[in-house]
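**Student:** The task is simple: from the sequences and hints, build the whole structure.
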Amino acid sequence: MIKNYLTTSFRNLRRNWNFTLINITGLTLSLACCLLIFFTVRYELSFDSHHKHADRLYRLLNHSLEDGEKGFNAGIQLPALAALRNDYPEIRDQVTCTYGLRETLITVTQGSEKKKFSDPGYNIAFIGPEYFGMFDYKWLKGSPSQALKNPGSVVLTEGQALRYFGKVDPMGKSIRVRNQMDFVVTGVVADPPATTNLPFTTMLSFASLKEFGAFTNWDDWVSTYGGGQVYLMLPEKVSEAQFEQQLLAFNKKYREPKEDKRVKFVLQPVKDIHFATKTGNYASRSISKGMIWAMSLVGVFILITACVNFVNLATAQALRRSREVGVRKVLGSTRGQLLRQYFSETGIITVFSVLLALVSAQLLLPYIANVLNIQTRDVVFFQDPSILLCCIVLTVATTFLAGFYPALVVSGYQPILALKGKMRTAGNGQSNLRKGLIVLQFSISQVILIGTLIAYSQMRYFSTLDLGFEKDEIVTIAIPDQPEGKLEALRDEVRAIPGVKSVAYSAFTPMSRSNWQTGFRYENDAEELDFTVVMRPADTAYFNTYGLKMAAGRMYLPADTIREYVVNEAFAKKLGFKNPEGIIGKRLTIGGGSSKLPVVGVVKNFNTYTLHQEIIPCVMTSMRNNYQTLSVKLDKNAGLEQINRIEKLWTAAFPDYLFKYTFYDQTLDSFYEKEAKFFSLFKILSFIAIFIGCLGLYGVVAFMAESRTKEMGIRKAIGASAMNIFGLFSIDFIKLVVIALVIASPIAWYFMNEWLQDFSYKVSISWWLFPVAGVAAVLIALVTISFQSVKAAMTNPVKALRSE
1 MIKNYLTTSF RNLRRNWNFT LINITGLTLS LACCLLIFFT VRYELSFDSH HKHADRLYRL
61 LNHSLEDGEK GFNAGIQLPA LAALRNDYPE IRDQVTCTYG LRETLITVTQ GSEKKKFSDP
121 GYNIAFIGPE YFGMFDYKWL KGSPSQALKN PGSVVLTEGQ ALRYFGKVDP MGKSIRVRNQ
181 MDFVVTGVVA DPPATTNLPF TTMLSFASLK EFGAFTNWDD WVSTYGGGQV YLMLPEKVSE
241 AQFEQQLLAF NKKYREPKED KRVKFVLQPV KDIHFATKTG NYASRSISKG MIWAMSLVGV
301 FILITACVNF VNLATAQALR RSREVGVRKV LGSTRGQLLR QYFSETGIIT VFSVLLALVS
361 AQLLLPYIAN VLNIQTRDVV FFQDPSILLC CIVLTVATTF LAGFYPALVV SGYQPILALK
421 GKMRTAGNGQ SNLRKGLIVL QFSISQVILI GTLIAYSQMR YFSTLDLGFE KDEIVTIAIP
481 DQPEGKLEAL RDEVRAIPGV KSVAYSAFTP MSRSNWQTGF RYENDAEELD FTVVMRPADT
541 AYFNTYGLKM AAGRMYLPAD TIREYVVNEA FAKKLGFKNP EGIIGKRLTI GGGSSKLPVV
601 GVVKNFNTYT LHQEIIPCVM TSMRNNYQTL SVKLDKNAGL EQINRIEKLW TAAFPDYLFK
661 YTFYDQTLDS FYEKEAKFFS LFKILSFIAI FIGCLGLYGV VAFMAESRTK EMGIRKAIGA
721 SAMNIFGLFS IDFIKLVVIA LVIASPIAWY FMNEWLQDFS YKVSISWWLF PVAGVAAVLI
781 ALVTISFQSV KAAMTNPVKA LRSE
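Note that the UniProt record's numbering has the sequence shown beginning at 1, numbered continuously upward.
Since the hints were made in silico from the structure, they are not lab data. It is possible that part of the hints are untrue.
The calculated lysine-lysine pairs, modelled on BS3-like cross-linking and capped at a C-alpha distance of 25 Å, are [said to hold, decoys possible]:
{"hint": "1", "residue 1": "Lys735", "residue 2": "Lys435"}
{"hint": "2", "residue 1": "Lys261", "residue 2": "Lys573"}
{"hint": "3", "residue 1": "Lys289", "residue 2": "Lys261"}
{"hint": "4", "residue 1": "Lys167", "residue 2": "Lys116"}
{"hint": "5", "residue 1": "Lys471", "residue 2": "Lys636"}
These numbers were taken from a predicted model, which means no experiment stands behind them.
**Tutor:** As structure tokens, then:
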């Protein structure tokens, strides 16, 4: 019996090869998209879930209540670490601090050879020994409980150890960090998976932090540094909500009264850090959950579109097979047997499509991995149990969705009417269903198309938004800690290079992932105000280099230490000054200091964080000991020649350090790399969804043209033109596309408006995007219809009239 079903199914599929090809193409494309989306979503959702106690691991955050959902800060006041251990004995050995370093020079000496390595930001961090009791690593050498217990010790990942020492056993060997301090290798762990937001490869003992001389203040309960973060593991019977309730008393105990009302400690699950676009992470790559769910929905939509194609074509062809059904029923076939026959046909197409989709997805995986910057590491879909399970689920679901209704319709034909060929007159219900499915199909396509247009508008807005500073033709270079004389001499020499416009030193660039927030006292207030400020220590050349504009007053005078302040407009406004001139001459005491110094200028607002966050109060001043970056503004025509000359000067000044530069505009682009890459993927998915919809529309119009051949012949015989026939085919479908636009518009608006809430700076959803999407859909439909309608219009009427 099964052999008979398969033989008949293959015969029917071969007879209608054109419709079979349309179905296989549509299903293969949609299933391949679903597999790739499933792989991508699984990858993004798996970050830091490999730890044994992942469900109990949390990162501590500061939450500024006045800023609502936008007021979260991952940088934690360093005294909180000891206070948590003291106040909560149950987590004494389950709370740790990670202090990540920015671009760092590592020097390795082997015999007479001295090798230098420049490691990117946050791959190197100071870590307490408790860390390895909370987060899972595979230990190759050393003891997790002892490796980082003593100052001057370091644990390396296997890849980093191979990079530093080659095949030599690294245990007991030393590395020098920033030419400041030596660390002895006391442990080696396996490389962590790519799906982690703790990408440390060189882990230094936290006990060395004070000796190392990193910028720390162990008594300051206000100032924060983004690289200093606290992680803790809750006891098994304590929930997140319960511990956050306990943190209220902890907050009140250690913060100033005003701070206690303004800022609270909250917990963030480690598994959610990857989706924290506002607080960021050490890996500097995050993505909103909204983007993940949007991609999942697109995958479902594309699959539904392909299934709709199948149903439309199958019900259209059902009329052609009515006599076959009648004969089968007269010969004794039951409805169950007919259902199995049609499900076998659908199953054959689906299984064949799934196999093609697996091959296609495997071939496309490297491209998708490159676009989204994800690690695939020898992923083979045919050997991946979860992918294969996904294929089985998709096969069953698609076979049912695409085959159930057509099989039900055909198996329900009355044998007498079927044998007489009178089923054609009973097609109104099926016709309405086909129209409804076409509306559904175009609604899905237009939701995706409108979403793509809005995402494009947002990404373009990002690239054209006035950030309040200049970003082009600026080269940034991380600088070592050196005596003032060397930095001054280097600046003068670089500034003398033809093609160099200006040179500046600073702690941070205007917009940076690394930030220093602190409290302050205003005028004669005994207590700090109820909001913190972001600090931007820089020399006076910084203003000219980055094109910062003054709103009032002047820049502070050149100095090595803090003597005067410049604040931004947001700072003045926060203190109630409607006119920035009003704050000139007011005095501030920053970060628990004792010096009360004047505000001499107000700079126009500029963005200090990524565009996921709004502009906050900022204070600028000279602070030579905190300068970490050299910024060089070049002429538009300057290029590699100037950079090479800068490198020579740099190497002469700092022979023990590596020269490494970046263009600032590229640094800013990297802040939104994930969004940009996902947008690229959405454009591809949008095209595929529309293409699959066109395939289905083409098939339906092809069947209509074939079934109305005689009608077209009569119309041509009585004088109908090709344009008349084209209009006859087109008008109904245009109506359906317009209906689809009406349905799709509010759905697209809702989802995209939710997505935009993740950005502090966002476009308003313009009304004209919806008719543009509608016009595009109409044009696409007309082009698709034209292939078959023109063919029908050009058919010889004599042949058409003889067709039946």
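**Student:** For every hint, state whether the structure bears it out.
**Tutor:** Verification of the supplied hints:
1. Lys735 - Lys435: At roughly 10 Å apart (the allowed maximum being 25 Å), lysine 435 and lysine 735 satisfy the hint.
2. Lys261 - Lys573: Holds. Lysine 261 to lysine 573 sits at ~21 Å (cutoff 25 Å).
3. Lys289 - Lys261: Given pair lysine 289, lysine 261 is violated - Cα atoms ~30 Å apart, limit 25 Å.
4. Lys167 - Lys116: holds, 17 Å
5. Lys471 - Lys636: Between lysine 471 and lysine 636 the Cα gap is close to 12 Å, so the pair holds against 25 Å.
The structure fails hint 3 only (numbered hints given earlier).
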